[in-house]
Amino acid sequence: MPGVSDSRWAAQDTTPAEIESALRHMLVERHAENESFSPARVLNMVCVVDKAWSGEVANRLRNVGRYHASRTVVLAVDPKRDKLDAVATTASDVHPKAGEFALLRETVIVDVGEKHLQALDTIVDPLVVTDLPTVLWSPHGHPEALDVLLPLAQVVLLDSVDEPDLHEALERAEELARKAYVVDLAWLRSTPWRERVAATFDPSHLRPDLRTISSVTIRHHPDSTAAALLLIGWLASRLDWQPSKLIARNGGLVGKAHARRQDVELRVDPEPSQSVRGLAGLTLETASGRHLELDRGAGGLRAKYRNRKGDLREWTVLGASRGEAGILGEGIRQALLRDPTYSPALLVANQLVP
Amino acid sequence: MTAVATATADNPLIEGLERLPIHPTTLVIFGATGDLARRKLLPALYNLAHEGALPERFHLVGVSRADHSHEDFRAEAEEAIKQFSRREPESAVLEKLLEEVRYVPGTFDDPSVFETLEGALDEFDKAAGLRLNRCFYLSTAPAFFPVIVKQLGDRALHRLDDAEVRIVIEKPFGTTLAEAEQLNREVLSVFDEHQVFRIDHYLGKETVQNMMAFRFANGLFEPVWNRNYIDSVQITAAEDLGIGSRAGYYDSAGALRDLIQNHMLQLLCHVAMEPPVHFEADEVRNEKVKVLQAIHAPTPADVPNIAARAQYTDGESGGEHVSGYLQEEGVAPDSNTETYAALRLEVDNWRWAGVPFYLRTGKRLARKVTEVAITLKPVPHLAFSQEGSLGVKPNQLILTMQPNEGVSLSLGAKIPGTRMRIRPVYMEFLYGTSFLSQSPEAYERLITDAMRGDATLFTRNDEVEAQWRICDPIVQVWESTPGPIPQYEAGSMGPAEADQLLINGNHWRAI
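Top to bottom, those sequences are chains B and H.
Per my numbering, the first sequence starts with residue 2, numbered consecutively.
Per my numbering, the second sequence starts with residue 13, numbered consecutively.
Pulled out of the complex, with its shape left as it was, chain H reads as follows:
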């Protein structure tokens, strides 16, 4: 979604422009030769350049351990863009984008790296004749986040008198509550919160932003959006693929940390939050934090009743025989890491008390789907016979994020014929049929927002900690419980153990 600028007293020329100006900026990518930079960040920068969406003056500095020259990095970046850009790069734009790219090799704990970096930044400022904003993008292993932050602080690169300095921190933001709190302390001992942009790339997806538009731009749903009419909410993020080449990361993270602690709790927040007064960073985030605070952190005794985990075994997926998790390359044969996690949470507030929120995610499930299913309560009295039909089912509103973004509403309808027989039918809406524009990659949106200083789609310190407060007790119980853990067959709907979380006659939707 591109916002058309509204009138501003400050710059009369921006009214009507779809793209608001971004102050000239130097972007520094730490971990510039890593996988994320190659696959996502550099291609996103090219696409922004192609569309004229980068700041009027834009410079890029790569920092990484690889012993590259400026030219080596330029060539590597060019190759990555050509390979991963969503559009065929135009050579003149690509050449200009990379023309003045700088590369600083070295380890992140080496002060001389930051001295060299400072030199490059000053050089760009000097050439521009003005102080450029600085945006440090931490696309490294999480262990380096505090190291880089400290070095930036020691070198006084974290603040400028006459320009903005911002820091973008990739996920995961800690692997436990204690780590997240510690990392927040370390980051905020150098930067102010308004300078910090914690990435959850899910929030940059149009689909997630559309959830807010769906709820708050339509009067139709608000009257039923509460415990009086909603029976349950089910959020699913299912993958048909296994862990691929991500064993190194995945085996230490698991499904709960990988998706539920961040993305899926964010989806829950978007379903459950109150309407913000304005679509502004702190107002939106305040409402999300209130939802997270209304979810009680489970006690160790609660965990078996509200959380389930499992690992996939070998099985059939897409007509092929596939290996089980423990046979995947790079996974320890006695690993207890969950590839499936399901939770039942309650948002204990006036709007939602008593409504179960089910979250489940897993690898190697029957198909790839990300959706939020809101099941309404059944009608209080049924005048029709259920005989000879599928019967009257409670209405379900399904917000699908992947693979086809859309909204589906199930309704009871009469089967044509002489008898009054009812079956569910579906009113379908696909976003792709109703818009001309292609959704930008989440990273394109998030990079420009960070350079502009708009934190609406980034997670705040208290938000991250509130997410961990919910997940940390579950992680602790699971890590202290000896294995082996329950299993499910690859290509299936998931483990039977997840059914034990269901209450009030609820059932998991078919994947």
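Next up, chain B with everything else stripped away, as it sits in the complex:
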């Protein structure tokens, strides 16, 4: 990623050892130039991308704000290539000032061919910083590359809403979650919604009502069914519901989950007017007569709540939209944390797929 202060190395027909050596030399040079330059040492990120679309991925990574990995290794797959070409940069966003340090981030772009995919681990292993957690991201597919690289990584970043086939998306996420910690951007898109539902039922007098939820409707961007199913999966896994497969009806999906006290009606509806990926709204109803609606609005989520007596209240739950870049940045940040509730939610979401 270009920064305020960059140094660059490039080579054709190179080797991982040469690239690694170049990175070390660049760090030594930068430190000698000004000892305030210090390499970031948080996270390795290994991205497998199509060479033709590598610019788009670079753009996405450039916009993640402060959540850059410390060393990013981009493997740009150019099917016919049989030699490795590489460009390595060390960049800092600031010029160091007296008494302060300037963080250096390293980016390596390696052009690889189809023939390298089966042995990508031998290319990547020398390039990642030892002992740092490594996150894998393969936004253009290449599952075979991901499988080869998995033993080197602790975390896989994916976006279940990227896959056109819902079943395949959630199956693949489940398979990966058995081998590594998965950060699913589709899951992160539901975070503000999960926080708000949790907050709604947090007052002690409302907690018993969690057991009386009788219907859940999720509205979503037409491409984001996975995010909607993960949200239902979360509710079901946290509240011990036993869901059955949803069925397609009137353009959406409907179904039921069996809860301890009553069945819960489930509904997932695409919202064509929503321009950004993710969720558009949710409605929860309880057998006790409460009704909660959350929808995207200016300055946050617009909440509507009707109590048992029928009194309606409306307010805004404050919060800025994170945007796609913000979601990706959050995904990188989450690679260093652990959320134990994703996997159970994913298992249920998978069971819901028609």
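Hints listed in this document are in silico derivations from the structure and should not be mistaken for laboratory results.
There's no promise every hint is true.
What the hints assert, rightly or not - Straight-line distance between alpha carbons at most 27 Å, and here's what the computed DSSO-like set of lysine-lysine pairs gives:
| id | chain 1 | residue 1 | chain 2 | residue 2 |
| --- | --- | --- | --- | --- |
| 1 | H | K380 | B | K98 |
| 2 | H | K380 | H | K405 |
| 3 | B | K310 | H | K138 |
| 4 | B | K116 | B | K84 |
| 5 | B | K98 | B | K52 |
| 6 | B | K246 | B | K257 |
| 7 | H | K94 | H | K138 |
| 8 | B | K305 | H | K138 |
| 9 | H | K162 | H | K94 |
Use these hints to put chain H onto chain B, whose structure you have.
Okay, now just chain H, sitting in the frame of chain B:
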């Protein structure tokens, strides 16, 4: 540091969430048009709103003497947020945050102000259809703290049957032990201790919380963290700047009250405390109070031996000629207020007996640095010749809070060459290189903790009084000793008088 919630039997939905729910709350800021509110509190509220970290329902009421309407205050708050927020405000979020803000003008001793305030609070409750928690934030001159507390009590705003009422009190919490005790009595005659959140914003800084993580999440240091291995501890909070526009406050406070009585004693507590069983408010604070109680309050005769003070004179700072303290605008020409204070304290307990703890703070020193330096005892026998080298120095562990948060460990290493010559080298760790997240402003953390009712990062009544018990005798001796007081040149390392506090061959670290 954001804590990931652990499982709770009560609300099964909070497991895995980074942000735990906070009950719907109305926050009332007394002194809402003041400098602290403008620079810190309102921007902190915006940033919390931006991140979705405020309670699901949140209302703000400003109370101040300025004769403003709701709209005036809204405009003033908007301007303050735009000017001082750490991020560019997003207009939709800012507009929603301030949309229903209320402002109550008047003096704090006027019962009608509290009647109007009660009306605004009830109005918010009614609109929400539930009782909102109330959090009163006292961001006024200290003289008004008891006045506001009394009025809240008289109006019965200090307690609700079906929601929580909390009060946040800014520093300084008294300017003497007697005042702190009196203020505690007045506050606790209305509120219960668990409702009271005494701010020391230092405790909200990631750096201070990291000291606990450093000590209690690493097995490496505990075996040497005692009088058997540690020679001395030195805590420094040095500023390169002068008092700026704070003469009104600073000239009546001085360096001891401004930093040592609160922040620096808190740092000392974090170095010296025993590990709490759990990271919970009372357990952490119990351990800190034990440290403070183990420090003997000095007698008047002790004071000259354990405390030094001084004032800066004019000099060169950052390549510029700067004025001395007595020439600063708003400072009395015969002021005896110290701009530098240094103490030598002992924590008289099993772990620390005999280890000097040096504390020093000052304005217009050589550079800005806040650090804790722990010097270990020298090795018992040295097999190497010291000739031709800087020699073997005792290991030092430096925890730096400002300007670059980090940890540095000095080690003896062989100088490359044919001879066995040793010099100190440094193993450096900078927090900024190892985390993706930006540290939140201390006030963001403290405001949410207060609204949530988590008092871990706030000082308890006995803690404040224990801090004053140590500093009060020094204040009394200094105030009763005629001036002029010793001086140090602006831009220097401080006064020579501070050297007299050093024992056992210790020396001040270079600033």
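Now the hints, each set against the structure:
1. K380/H x K98/B: holds, 14 Å
2. K380/H x K405/H: Holds, at about 25 Å.
3. K310/B x K138/H: Given that 27 Å is the threshold and the Cα spacing comes to 15 Å, the pair holds.
4. K116/B x K84/B: holds, 10 Å
5. K98/B x K52/B: violated, 38 Å
6. K246/B x K257/B: holds, 8 Å
7. K94/H x K138/H: Violated - the C-alpha atoms of K138/H and K94/H are around 31 Å apart, more than 27 Å.
8. K305/B x K138/H: Holds - the C-alpha atoms of K138/H and K305/B are around 16 Å apart, at most 27 Å.
9. K162/H x K94/H: With Cα atoms ~35 Å apart, K162/H and K94/H exceed 27 Å; violated.
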